[in-house]
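Visitor: First to last, the sequence lines map onto chains F and S. Sequence positions in the first sequence follow the numbering used here and run 1 to 264. Sequence positions in the second sequence follow the numbering used here and run 1 to 278.
For the record, the hints were derived by calculation from the structure and aren't laboratory data. We put the beta carbon where it would ideally sit given N, CA and C, even for glycine.
Ranges between beta-carbon positions, derived for each pair:
no., chain 1, residue 1, chain 2, residue 2, range
1, F, VAL22, S, GLY220, 24 to 34 angstroms
2, F, SER56, S, VAL186, 55 to 65 angstroms
3, S, LYS222, F, VAL130, 25 to 35 angstroms
4, F, GLY128, S, ILE34, 17 to 27 angstroms
Simulated pairs of lysine to aspartate or glutamate, DMTMM-like, Cα-Cα distance not exceeding 25 angstroms:
no., chain 1, residue 1, chain 2, residue 2
5, F, LYS44, F, ASP232
6, F, LYS96, F, GLU164
7, S, LYS4, F, ASP94
8, S, LYS88, F, GLU254
9, S, LYS4, F, GLU164
10, S, LYS222, F, GLU228
11, S, LYS84, S, ASP167
12, S, LYS32, S, ASP239
13, S, LYS222, S, GLU140
14, S, LYS116, F, ASP232
15, S, LYS116, F, GLU228
16, S, LYS84, F, GLU254
17, S, LYS222, F, ASP232
18, S, LYS222, S, ASP239
19, F, LYS57, F, ASP232
20, S, LYS222, S, GLU233
21, F, LYS44, S, GLU132
22, F, LYS187, F, ASP94
23, S, LYS32, S, GLU233
24, S, LYS4, F, ASP165
25, S, LYS222, S, ASP44
Calculated Cβ distances over 10 angstroms to all of chain S for the following chain F residues:
no., residue
26, ILE54
27, PHE55
28, LYS57
29, SER58
30, ALA172
31, LYS187
32, LYS255
33, PHE256
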Amino acid sequence: MRDKRSNPFCMIVAVLIMLFLVAPLVVIVIASFTPTALITFPPKGFSLEWYGNIFSKSNNFVSGLLNSLKIGLGATVLDIFIGVTAALSICRYDFKGKNILLNYFTSPMYVPSVCFAFVLLQVYSQVGRVPGWARIFIGHFIIILPYIVRNTVSVLHVFNWTLEDAATSLGANPVQVFFKVTIPLAKPGILAGALLAFLYSFDEVALSSLLSTPRFVTLPIRIMNYMEMSFDPTLAAISTLLILCSLILMLLMEKFVGLDMFMR
Amino acid sequence: MERKRSAVLLALPAALSLLIFFVCPMVFIFLKTIAENGLSDFVDFFTDPFYLDILWTTFRVSLVSTLVSLILGYPTAYYMARTKSRLKNVMMIIILFPFLVSAVVRSYGWMVILGKNGLLNQLLQGIGLIKEPLEILNTETAVIIGMIHLLIPYMIMSLIGVLQSIDPNVEYAAQSLGASPLETFVKVVFPLSLPGIISGCVLVFTMSMTSYVTPKLLGGSKFRMMATMVVQEINVNFDWGAASAISYILMAAILVCQALIVFGSAGYMKRMGGGKNA
Numbered sequence: 001m002r003d004k005r006s007n008p009f010c011m012i013v014a015v016l017i018m019l020f021l022v023a024p025l026v027v028i029v030i031a032s033f034t035p036t037a038l039i040t041f042p043p044k045g046f047s048l049e050w051y052g053n054i055f056s057k058s059n060n061f062v063s064g065l066l067n068s069l070k071i072g073l074g075a076t077v078l079d080i081f082i083g084v085t086a087a088l089s090i091c092r093y094d095f096k097g098k099n100i101l102l103n104y105f106t107s108p109m110y111v112p113s114v115c116f117a118f119v120l121l122q123v124y125s126q127v128g129r130v131p132g133w134a135r136i137f138i139g140h141f142i143i144i145l146p147y148i149v150r151n152t153v154s155v156l157h158v159f160n161w162t163l164e165d166a167a168t169s170l171g172a173n174p175v176q177v178f179f180k181v182t183i184p185l186a187k188p189g190i191l192a193g194a195l196l197a198f199l200y201s202f203d204e205v206a207l208s209s210l211l212s213t214p215r216f217v218t219l220p221i222r223i224m225n226y227m228e229m230s231f232d233p234t235l236a237a238i239s240t241l242l243i244l245c246s247l248i249l250m251l252l253m254e255k256f257v258g259l260d261m262f263m264r
Numbered sequence: 001m002e003r004k005r006s007a008v009l010l011a012l013p014a015a016l017s018l019l020i021f022f023v024c025p026m027v028f029i030f031l032k033t034i035a036e037n038g039l040s041d042f043v044d045f046f047t048d049p050f051y052l053d054i055l056w057t058t059f060r061v062s063l064v065s066t067l068v069s070l071i072l073g074y075p076t077a078y079y080m081a082r083t084k085s086r087l088k089n090v091m092m093i094i095i096l097f098p099f100l101v102s103a104v105v106r107s108y109g110w111m112v113i114l115g116k117n118g119l120l121n122q123l124l125q126g127i128g129l130i131k132e133p134l135e136i137l138n139t140e141t142a143v144i145i146g147m148i149h150l151l152i153p154y155m156i157m158s159l160i161g162v163l164q165s166i167d168p169n170v171e172y173a174a175q176s177l178g179a180s181p182l183e184t185f186v187k188v189v190f191p192l193s194l195p196g197i198i199s200g201c202v203l204v205f206t207m208s209m210t211s212y213v214t215p216k217l218l219g220g221s222k223f224r225m226m227a228t229m230v231v232q233e234i235n236v237n238f239d240w241g242a243a244s245a246i247s248y249i250l251m252a253a254i255l256v257c258q259a260l261i262v263f264g265s266a267g268y269m270k271r272m273g274g275g276k277n278a
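Here chain S stands alone, though its shape is the one from the complex (with noise of 0.2 angstroms):
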């Protein structure tokens, strides 16, 4: 019994401060919202085309940076766990670095490369490529550059460690048995790595679905992911009923996808068999 007690007194301060800082005000709030305006915010959302382009615009710029962050993120991450060569560590120090560099800073190194007059047109002119300067900073394809730089080394992480667990014997194996590379990969290595496949995915996604820093520096003025958006109905719009109910369908839409990719991972590993191990 007094085991008991000093847990519940450990875990009280904690707990407290959650509870009056971040549980009361989130349920509060959403009382209130719902109380003073009813649902017709929402209606307004699923009603307006320009916020539903907004919401598309999220899904689509987060799907296709997580891809993109899987289709690159898997080699390196396979290199990087079979590899015993020492480039090992710098790479290990390279993809761990950006976490600790803000993503203000990242981004501006990219409107540096990707500007008007960046880097990247200053090269492509010099060298006779391009006459004019290509459009790249304010466009949506900067943006996803910007996400992949911020979020592959999350992916890359959670790859490394499913990786490193499968034992290359059992790539050995496989192909000592007549699989060629490529079918050792799809039938071997993939669906060993689902597991961390699937929560670098989650991971990647759910970022990028909430980011705010990269789409505003990157995106400019008019392009609009939900979370800028929240930003700008409250210090532009003043319009607070707006600003909630996107707040409100991005935590949900967020759910939503985390929900589906985890259930319908579970059915894939569950057909192929390593539901107990995943």
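For reference, chain F alone in the conformation it holds in the complex (with noise of 0.2 angstroms):
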């Protein structure tokens, strides 16, 4: 840039901006450590108490996660198959309407998830005697979807299908097209979506809070009820392990995929 005097006021506004950004997240880690019960900066001495505490039963932040897990990686799995196919069936054949039935696949996108969860439960008040898992896993597959279909469509919307055609021409058939052409060309936008969908899910409060049964609740339901008996360091400990799981995941993700594809 040849303008001398914008140049500086945009580095500085984006210099505080990144600060603003990580700040909580360097302060929880830190406070991670704090060997007493109130947090103070900076801390007295050197700890890792909090960490075991975590995994002090009665705090039930393992059976959280374990449930997080289960409902997260279910869900996206199976939007995985429906999602793609339903992406495909945008992308590879040409008919009227492509437009509406993309916003039909993305439509959950559009409702706030906390009134998506009142009309589950009414729902689920009707039928009665829904399973704990199964009230929070049809909410989140349902939510969930528009990010895959999203980000395959991204992808598929630039594919160039002869190549397809080539694969048939050269004696494969539909299925080794499938798998050998379609898919792994179309990994990366598949393989965001379902990072983004399974984030989704494993963060997802509103829904849950409202569908969460008392015999089944996931890790971010454990954490918010933590806070409200205790403030104590060790939400700062499983925050950071939180934290540390997005880093490595953020890393594979830009050693696979490449961090361009979230920014579609």
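Using the hints, put the two chains back together into the complex; each one sits in its own frame.
Guide: As structure tokens, this is what we get:
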């Protein structure tokens, strides 16, 4: 930029925003090693006590984590199947109403999850006796579908369909074409969509807080319940572990599909 | 014809799942609510200042969060779109990283910073700037700070895409023709980046209208927004009629606001002559 006045100004704002974005995360990580129940800065010493506390039975963090993983992974895997086929039907064939169909597939995105959760709650009370995991699973299964459809469509949108014809003319059968040509080329979009969908489910609170039963509670709800009882650094410890997992996931994503997949 | 059949077959699983678990419940419950309670809950909502105040609070917090995100996000996105320094990759990671960290964790971070015995108060009292701790947590300010933290990455992402597609030579051309930096911004960069501004604003505004975790954790029990009120009516007051009125009004409010932003800006862009590219 030749414009010498706007450049430093933009840079200063950008740096300040970056500090603003990382500040709470850094604070959490430091706080998790505080030896005292009250979080002070700088910490008076170093302790791993709170990390041990995560695994104590009474807190139920571990069972919450397992529940969250079951719901998140289950819903994501199922949605990959129906979401990728749905995206294929839209992108591969030319027909009237393609856009309407795409909007239909992504429509759960436009409904606040609290409102959808309340509707499901009323349906469950009519049906009666829906098991705890299924109450949450159905909700998550629906609200994360748009992420997979949208990300897959964004890749298939620029997909060169003649590659499929080429494979066929070279003797591949439709199943081979699908698994050896179409899926590998669409993989970055599918992976990015699946990751976003899984994370949405893993972090989801509004829907889970309305639909969870005392016997089936997901991790974010466990953390929020713990906050209401106590505010000790156990929360910082478990948050640090979650931040660490996110960091690892992100580095893996950068390695395998590139971060620009998230910018679509 | 065979192609048409495979298209239908491929679309069927997703289409049916959505129909059974999403569309049918939404329509069925809406009709049932109207049939059983009529419109009395909606009338209650719009005649009770308590509820109207919640709607106004929700709207106000969302508007402020959106505007601040835009004002602070724009220079950030502009810098990131134009810079060639290695800082850009680090910034990209910092912006994307919060996408992957739960809103509960991020709100918790702000609770540690803004609380009565929090980091900020310790710091300010330590250097003797204040005597009594500031009450920030459990106020609207805390909610807005948390909301901006949550949503500014979405705004920046929307803006970067558009700003990167503006050729810097257009700006040089404007300046070599005698435009001041401010004029260049107002007459060239800003109009060209309008599509990104609009999509960013719609996204951030909608997300803050419907957000639940941030107002619940940073606003405390006395601070109410539409989404937290729905849950409170169900779990605390056991008033399902009021809860459904609030949730349908929230859905309608979002649709109306989105339509206003999109159509309003379409009119503006037509005047600017940028309608075709937008």
